[in-house]
Amino acid sequence: MLGLEKFQWEVRELDRELLEIGEMVVKRAEELGASQAEAYVAASRSFTINVENSAIKSASEKRDAGCGIRSVIKNGGIGFAYVTTIQDGDLLEAAAKSVELARASVPDPDFFALPSHDGTYPAVKGLFDPAIQKLSSEKAAELIMRTVDATNEAAGSKQTAVEAQLNTSAGTNAIVNSLGVSGSVETASMFIYSSPTVKDDNDQTSSFEFQVSRNLKNIDPEWVGSTAGRNAVNNLGGRTIEGGDMPVILTPLAVSTIIGGGFGGAINAEEIQYGRSYIADALGKSIASEEISIMDDSHIAGGIGSRPFDAEGVPTQRTQILHRGVLKSILHNSYTANKDQVDNTGNASRPSYSGLPSISPSNLVIEPRKGALDDLVSEIKKGILFRYTGDRPNMTTGDLSAMVMEGHYIEDGAIEHSVKNTLVGINMRDLLQRVHRVGADVRVTSTVVTPSIVVESARVTSG
Amino acid sequence: MEDAAKAAIEAVLKVGAKFADVRIENTTTTIIEISDGVTKRSLASRLKGAGIRAFIDGAWAFGQATDLTPKGMRKTGESVARLALATRSRVAKRFKIDGPSFQDKVRLKVKRPVQDVTFEEKIAFAKMIDDQARDFDGRVHNTRTVYGDLWTELYIANSLGTSIHLENSLPRIISVTTAKDGANRQRGIKSVGTRGGFEELETERSQHIGEESAKLAVDLLSSQAAKGGTYDVVMDPILNGVMVHEAFGHASEADNWPAHTTILEDKVGEKVGPEHLNLTDDPTMPGKRGSFEYDWEGTKTRKRTLVKDGILTELMHSLETAVLLDMEPNGSARAQSFMHPPLPRMSNTFMEPGDWNAEELISDTNGGILLCGYNYGYTDPSKGQFMFQANYGYLIENGELTELVRDVSMAGQILEVLAKIDAVGNDFSMEAGTCGKSGQAVPEMSGGPHARIREIPVGGA
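Chains as they are written, first to last, in this note's numbering: chain H, 676 to 1138; chain W, -5 to 455.
One chain only, chain W, in its complex shape:
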């Protein structure tokens, strides 16, 4: 692998580009989908190839190769370099890619490597979860269970001297249950996703995820669609994580700065929220789905303190954005696969806990709504506008949780909403997810404590 990467890097530089990097990936994945007790889909895949980038004067070019012989890599390297040279005259700003280089071989220690577990065992596990959901209640109408795993060996090298071998292993189990009562149909989704071997799915929670989703679907049968209006919203840890991810995380990815596409552009070092607001992105947390030791440019990762005491202090950087903004690279460049160029991305993103007891937070709220879980969320950092949909929630009247409501949406402007966070809980948990940006999906986690936002528009159907 080192030889193939070296051949490509030398070819890129020889043609005249000033920086080159290469990612060589060998990934296997398994997806097993069981629905109503039978296999609906089972898929095994192998992704094998290299992504090569060339850079000169501010112009990037990217290409991919599946011929990993030194000859094939040289050829792709040359053509990528020529593409960079062809566009260099049209760049906005000339600069150089520079930064620290790293050499390391990181082995991921797991008890039961997912690639060694038989298809039979994976299918039996998914079937067990699916049966569990179906047997939970007579009103369960449809069950769907998706087991997924990914095993990656990645080699990253660049013309600054970086040479990094990485491994990754991400098992996941998702249970989706539809419950039906007359014409009323409701859906519950629960999942566990971690970083590690198959043993991560042998934990107590993973083994009962089918029951969890079935219980939620059945409970939701007695829910009402929420009435749109302005509420004091208490977010549960999962939804809080989505809020931090969508409302703030994306806007603090540093590629928005040279592009002038973030509402936070003038806010580095400035106040963006109340003093009790602390937001963090940390890829070094052990066993988390969004964790990695080096990023896809081969830069060592570290914890990123995005917001400290209400001040925006750090951004998510690639090598390029660190140069352009004259800040330290912090290992935030990620790519979906060798077929994609790396971009600044989040990893495990969360709000740091505060000092409110979660129960006190609810009993202190009147005319509010507790929002839990999420269906999806998205944002437009250039407008600062975000939206996400909670999976379900409870109305809060005089400090008491009352009616169960579902599919509640919340929208707002980043800075307006952060300013309205007046209470942060002392509890903490995180949820696994997958984040999309520029057509690339990467695994992530997000979370935090319970937290309250005062007077925010909430939409119901």
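Just chain H, with the same shape it has in the complex:
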């Protein structure tokens, strides 16, 4: 067998082929002594164009296929192995290694079994747009150059260098196990990004904007480019401010890292069971302001985190996490649900066949309330409009100290100037309680769907 050669890539029989590979690998692991086995097989094609200094710099086309295997032996020992090909010899070697590792492992008494399933999966719409898969390299180049042109136009007379990227990805994942799980799904997604660096006589700065979608028609190169260009120009002239306790508006991009990462990671049942999350013993309790309701929704049509089954082949669902500030549920996979003896929420995740299974939100949806961003700004006497940070809290203590990578100082309801060397510090438990406004300006960042939110007071340090 010659790896990818055996596939007719454009024919939609790939799912059948991957399922067959999965069945073969599971069978092999069982023959070698596994009492239960699972195979996660994926094949994808991705295409990327990179722009540097406003011109095309490189293109790449990757066809990737591989398999991850989990074997369980009778005493409960578990082993994983993966391989970046789907050639028979490599698959069999990986199956053997997973069993060997399972034998060497110290069994986990809390492990019960792999999940079983013999029914159907929910229909989740809009995961595969053939137009993304069929997008030609010429058309892709045109789309990304339109993004660059829009960026330059919005940046106006400022000296500008644009970095940009377009990526399309289409593929099939299949999962098979010894207990009846057998599912496959075909997905496609597309991403465009623009990041201008702008200079004037006194300052140099940058910004970025992006869109990610499972539907080609939703991609708007002009919006991405012009927003990125305008934001970069607005970031010029950054100044430090007088620090102190003040309100902070988190725009959707900031919410995406601070709440999406910093709260989405804290409701992971595994982290909670180990006492590694700042959220513990809180089910049914009020842990946030009444303004906040959050849903983990894996069924949004075309959602980036949407999926009919999770990374263990368990059917997915919609799970209410926070309702008016009360913690209703946390996120489980089969292991943590068995350990707590609760229903599995179907949040097992893995980045691809190569990753280890863990737990993550699907789409984290923060329920919108009212007000455009301008309204939120107009209500602030003195505060920060926090557009973006790369920071996440310490997940154990909840302490967050976030650099304002992009943000502006607000005075008397109006944006004054961009800020530099400025940090916002707050504990996540306080942040959740101090959300006193949730806007209506909803944006899909990737797997977080959220409006802007206002934190009544946080410590701002600048200098």
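Keep in mind that the hints are not guaranteed to be accurate.
Unchecked claim - Below, simulated DSSO-like cross-link-like pairs (lysine-lysine); rule was C-alpha separation at most 30 Å, straight line:
no.	chain 1	residue 1	chain 2	residue 2
1	W	Lys8	H	Lys737
2	W	Lys174	H	Lys737
3	W	Lys12	H	Lys809
4	W	Lys174	H	Lys960
Hints listed in this document are in silico derivations from the structure and should not be mistaken for laboratory results.
Place chain W on chain H using the hints.
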């Protein structure tokens, strides 16, 4: 392997591209995670395949192949070359890839090859470290130990005549301990990562890494969250290394120049810091996690003197950036795996020691803070802005270390901060890490001596 690479290179040139290179990789990795004494995850992997690049007139194309027969390699080579030809008309600038070529077979000498050590022994070692952390103190609430190793055989060839066989072996042990006292929970992380065989984890420090992380977690139970404000900061060697890496290293990766994305663009040959500032990136240090003899383009590596006496003198180059900036290639192109194209990256990055005794440095400071270790850091070279978070620290009052504080963040502008470094210690150590850029993670080390920065904003929670 040579035949497969040759087939791909010939195919690329035949289609009409002017430069081609190929990396063929065969890597095995092991990850063992023990938590609270039981195996949480154990993973064995094999990464096998080739990355092929084609270049013409300023346009690059990249593709990957897992069919390593000459026929499969030829096919991928042709399709990569066609992709490069298709985009050549839209490039910013036409140029040629040129540079020295190298032929070598480098064997990495290790005592105990990680691929020959049984899973049983690796798991027993991780279990020993995990037990050690749990037994350290009654307040230890959760332990997590991760053993990792990677063994790589890499072949690199290009159309300039380069043909390099390389080997790499990177063992690592990480201990993460959570200690709990009432509602107060704190986490300590300690790790050892080197280049070599399994014997590197049989050293005194590696064998006690569980105790080290448990001690830190327990100590942190009595710490306070730092109060935000402007401080004179003394960095310990680990944090200093992160500062050099984040605040300066990324901005001196030469791919930022053609892209116009670094604040240092006009600073080559210029003063970027005080005279006592010397920054180095050195992949030739023996046994270090960031070391390699040839880079992923097959260029021989050497020590890079980034800043000499406060002057920016050298950058991290790939073949392409060396051509574009008319500087010498210095072997800085690295890729995470065959699935990724190489980029200019750091290796082992550090501040050269100065003449201050570390204790004197602290006793000379008032109203300051000693920051130690790190949780993470990141930077945006185009803004020159960086941020990193220390793991813990001590307030310094009248030259004395006082209260223990945790999770202290420090942010600033590269050039402003470098200018404020007024004292550099004469001690030195390095810490293993992993650096991410453009979606690619590569192993690295960073470090230096203790050093002091005057008046810098420090954020607390």
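For each hint, the structure was consulted:
no.: 1; hint: W:Lys8 / H:Lys737; result: 21 Å, holds
no.: 2; hint: W:Lys174 / H:Lys737; result: 47 Å, violated
no.: 3; hint: W:Lys12 / H:Lys809; result: 29 Å, holds
no.: 4; hint: W:Lys174 / H:Lys960; result: 21 Å, holds
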